[in-house]
Amino acid sequence: MAWNLKEDLRDCLVAAAPYGGPIALLKNNFRKEKSLGSRPLLEIYSASGVPLASVLWKSGQVVQLGWTASEDLLCIQEDGTVLIYNLFCEFKRHFSMGNEVLQNHVREAKVFHTEYGTGVAILTGAHRFSLTTNIDDLKLRRMPEVPGLQKLPSCWAVLSQDRVTIILLAVGQDLYLLDNTSCSVVTPPGISAHAGAYVQMAVSFNYRYLALFTDTGSIWMGTSSLKEKLGEFSCDFRAPPRQMVWCTRPRSKQRAVVVAWDRRLLVAGNSKECIQFVLDEDSYLVPELDGVRIFSCTTHEFLHEIPEASEEIFKIASMAPGALLLEAQREYEKQSQKADEYLREIKDQNLLAEAVRQCIEAAGYEHEPETQKSLLRAASFGKCFLDKFPSESFVWTCRDLRVLNAIRDYQIGIPLTFAQYKQLTIEVLLDRLVLRRLYPLAIKICEYLRLSEFQGVSRILAHWACYKVQQKDKSDEEVAHAINQKLGDTPGISYSEIAARAYDCGRTELAIKLLEYEPRSGEQVPLLLKMKKSQLALNKAIESGDTDLVYTVVLHLKNELNRGTFFMTLQKQPVALSLYRQFCKHQELETLKDLYNQDDDHQELGNFHVHSSYSSEKRIEGRVGALQNAVDEYYKAKNEFAAKATEDQIKLLRMQRRLQDELDKPYVDYSLHDTVYSLILDGNHKRAEQLYRDFRIPDKRFWWLKISALAEREDWEEMEKFSKSKKSPIGYLPFVEICMKHHNRHEAKKYAARVTPEQRVKAHILVRELDQAADAAIEHKNENEMNLVLSKCTAATDSLVVEKINRAKAQTLKK
Amino acid sequence: VATSVGCGRQSPACPSHCSRSVAFDVSSLGQAIVWDEYLTGPFGLIAQYSLLKEHEVEKMFTLKAGRLPPADVKNIIFLVRPRLELMDIIAENVLSEDRVRSPLRDFHILFVPRRSLLCEQRLKDQGVLGSFIHREQYSLDLIPFDGDLLSMESESAFKECYLENDQTSLYQAAKGLMTLQALYGTIPQIFGKGDCARHVANMMIRMKREFPGGQNSIFPIFDTLLLLDRNVDLLSPLATQLTYEGLIDEIYGIQNTYVKLPPEKFAPKKQGEGGKDLPTEPKKLQLNSAEELYAEIRDKNFNAVGSVLSKKAKIISAAFEERHHAKTVGEIKQFVSQLPHMQAARSSLANHTSIAELIKDITTSEDFFDNLTVEQEFMSGIDTDKVNNYTEDCIAQKHPLIKILRLVCLQSVCNSGLKQKVLDHYKREILQTYGYEHILTLNNLEKAGLLKLQTSSRNNYPTIRKTMRLWMDDVNEQNPNDISYVYSGYAPLSVRLAQLLARPGWRSIEEVLKMLPGPHFEERQQLPTGLQKKRQQGENRVTLVFFLGGVTYAEIAALRFLSQMEDGGTEYVIATTKLINGTNWIKSLMEKLEPPPF
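First to last, the protein sequences are chains A and B. Going by our numbering, the residue at position 160 of the first sequence is 160; the numbering climbs one at a time, nothing skipped. Going by our numbering, the residue at position 31 of the second sequence is 1031; the numbering climbs one at a time, nothing skipped.
The following block holds chain A by itself, in its conformation from the complex (with noise of 0.2 Å):
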């Protein structure tokens, strides 16, 4: 061990966590009377003795330590009050185990692990168990009173069956099984009558078995259901061991408990004989998943049942397969011929697969590289003379030791088995490395393992950033610009993680500068809004492109920025002032014309009143008004069609209201041209020709407008006289078209006649006068209207005119 302890081991509090964690020391002021004014130091060690880290203990008197499954200290003082350290001494947080515990105190204490996480177990002064089966999720549960308890048991545990947590505790010669409602007194079968008081209970790792230690010696070992026994053993020592833990293998049929006393270590299992070794020193035994970790003052051991493999192989004189082609590999390094043999007598046995298989397993069992590599090298020897021997295992065990070596370093200090590493996987052992801070490792074997970037490099370098914004002795831009240059644009990276994180330590500064690096703006602008970094918040929006995310970010200023400064703000952000826009189109209308009005944006302005006369003002006058409002913006804003139209428009909407009240008829909202036309059809002549002078309507139009009603009213003889009344602007073909749209083909062919010579062919053609359309076109010479003649022609009735058409063109094309 690395460490160099001033106290005894026995003198402190020690908690060591499983799966070759930390060791926690706090030296134990509990037993010893207290030295005022000297507060005691709170210890942590790396599982091989290196320091991580200590404090000097100022808060309550400590009961118990502990540690939690994602390896925190927990600290349960005596007024039951419970504080969460992590692996730096770092506070991080405390909580209560209850009012009823803080009266009574905590005599005994206890820290277990369930599917349900980490828990808390309290024996108060008053005989009575609270517990919490989650810490992060703290329900106390009181337990039932055992009756008639006047004294603290003598030894008790909790055991976890089918998902409840119950607590088992001896009181002499009783045994007491406390559930949630009630206590049971239970007799573990086929103890023997004689065995006495219970002193020692161990609880296996698994919860699965049960071991009982009495004042004669005598340790009982069953199942934790207390149904079944699995046998007892008869020791000469009747002290009270110091510690008594389980030690097996998963899947093994042998079962074994390890019982200490102060300078002995006993290992007594089914068999009636029992191991023995001497302790030097003060050691603290850890149950782990498949062994004990066995540590003191200099030495930290494990102490595990062989592996089955391991066995066959360096047995003495052993003629298992694996053992036989470890021999064989050798010799074959030594290049003698013994190596055949060997080799031989295993494939005689047609056993060649096993003893690779064999080997490589071993090897995975093995501490000392020297004899990993030699294992590995004959299953690699083995592999070669066979066919098919599928790689996976071999490649996964070498790449496995290689990490578990590199781990198992006294520097790093995590002596983990292979067996513990597969139960607790990769990502958790990275989380671990991450803990302690050894960031550059978890890399490497995130590299090594080609873990993919974004469950394996990105999320540590994300959690070294966020203890990076911790370094308060930095200054902003450095940490910010230390983490961009090592995170750079690794995928998976969510600076704003980061930046949230350097928030809450304060840092407003670092958390803006690192969420520059954040290219995802959905995470940057909640944040800078939480930051109360508003308009950094609306550059960010706008340069995402996601209207969706600049909206909130307006909104959010509209309420937290005053009128004046908001619409300033937005002034600067086009793209912002846009959407507001659009918002206010929809939802405020008069905030709309705010807008404009600050932008002295008169066309708009002017628009605007247009809109309103249509859409908010119900009366004349009203839309007068808001019409009268636009002209004035229109003539600003240098329109001045606009202007004008708008003034025409007041122009008529006032007329339409007087035609309206003289005719009684419906006029307003016509089109100037549906107003005429109307009145045209109504025979209001003069009035028609007033609105056709005063609104300067082109004559052309005008003559369109006044035949189309003229033939709607089919008022055949005004039509005459107007069309009399000068030379017609758009001549006289359209005077055929309506009267042959209103089927009147007498007066149709009235004007036919008065059409130009070039509209000829298609005036006789409308009014179906073929012959004189063929005369028309012979005459132009034409040889396009004399085909459009040919193609209104029908076989049956036209022939004569064909027949003349015909003739002209064979002329035509004569000459």
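These are computed hints drawn from the structure, not numbers from a lab. Hints are supplied without guarantee of correctness; some may be wrong.
Covered stretches of chain B (chain A as the covering partner; in silico rule of three or more C-beta atoms under 8 Å from a C-beta of chain A) [unchecked claim]:
1) 1082 to 1089
2) 1166 to 1172
3) 1199 to 1207
4) 1320 to 1330
5) 1386 to 1396
Values in this document were obtained by computation on a predicted structure and should not be read as measured data. Backbone N, C-alpha and C fix where the C-beta goes; we use that ideal spot for every residue, glycine too.
Please arrange chain B on chain A, whose structure you already have, making use of the hints.
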């Protein structure tokens, strides 16, 4: 030449995925969907009602104010676009729920295409946010319309981008392109022309950095992405499309691949019933390339469709005649096995013959001809600088306003703006005839650049027309050799840009590009060496052309024509914010001002 990148590969939205997403993982007590009406059309393309029904959707309602209709279901799912006004309606629905009488129902909301903080805040303000058990999004950015065509069907995209400076749809376009790249590989080259194109490209580059997980390891299907702003080519949508599909759209309007046609021509031609039971419901047909005949004629000039139809008719009747020659049992069996296919072909032929007749009635009308003549005069540069007689006459006769606006805008675009006098005259004529309320519409058209005052004395259009050969006098409608056949003379500028980009490259038209609005640019997205394409001899490049602000069927036809050219060397896949034609495009820009009722 293979023409399309398969629909199945193309679409990120396959039906099963959709319905899974629509039907939340909720109890089997049944659910009702409340639809944002606008979404039903696009959703119809990816999930049939029957499919939803399989997923326990029992009722469908249209979202409207007031109380929800009664339905014996446990779950109510609102399927909506993220719009504030819709949120208010939803809030009203939820708040007016009768808590006493009806059993407690669970509410869920599904945003299409994406969740919106703004909308959720609105729901929160209305006090109903907590009522929603699930708030999810369904990222339906690009909807597959055909094997080579994707559309966002965002109706107001053009208006929002060019009038209101609201770039929401561009963000959605960029998101859609990212999804496309996630599925079909990073597109190594991005070209673009126009401000919106630049904006989308910037967002794509930015979003690429945002994607976790690093490099996309999918072998890229597309070689090039071409982003085009609609306002680079305002002309093409204004002109009347003259392809078969284009005309169907111009005349009847195709919506989400469906068209509704007047029923008369589709009456069953059986003797005895004649004339009595004419169907009164419009005939609804789906139009896409899955129909063999339609695939063949959709992109042809309408004048070339007739001959194809009559040729087909002969082939089909010949095929049916075969039965008389079938002598042996084997031959008869073979004939019968072909029957379903032949019958489908015959009914398809009958449908398209009817449609072609309907269209021919219109295209042979004098007015259609006159209108087309004027359009073609403008496009070929004749008399674009003075008031046009035909336009004037149309106004005087009060032809549909949209037709007038299309003509006036077309003239303005072909003349790089109109002289003050001409412009004011048109505007005055329109306001006097159709009503003053259209002043805001005119203003919108001016803002969008469709109608403008000629500012410089120089008219750029002739230069552009000549350099890019936009007007072809000798157009071959039957067997086209140039894209100009889609407008019988005018080659759409947008497609010409795509064509020139592929060969010989835009460097040859730098001068003209400068005359068109907005920047032109090129971006490269680095591919890992393993994914870089090694082109085989004769293998075509694939270009995705994204029209920001809409694309017409004629333009699509022109691109498909380029894909099919023997020596073209480039295949095109088309994406757009919306499938448009001049009519619905202009309509989307119109301001609907209605006088208050009396």
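When I compare C-beta atoms, does the stretch 1166 to 1172 of chain B have three or more residues closer than 8 Å to chain A? holds (count 5)
Annotated coverage of the stretch 1320 to 1330 of chain B by chain A, confirmed only when three residues or more have a Cβ within 8 Å: With 0 residues closer than 8 Å to chain A, the stretch 1320 to 1330 of chain B misses the three-residue bar; violated.
Quick one: see if chain A covers the stretch 1386 to 1396 of chain B, three-plus residues with Cβ-Cβ under 8 Å. It holds, with 4 qualifying residues against the three required.
Quick check: the stretch 1082 to 1089 of chain B, covered by chain A? Criterion 3+ residues, Cβ under 8 Å. holds (count 3)
Three-residue Cβ test at 8 Å for the coverage of the stretch 1199 to 1207 of chain B by chain A: holds (count 4)
Checked against the numbered hints given earlier, this structure breaks only hint 4.
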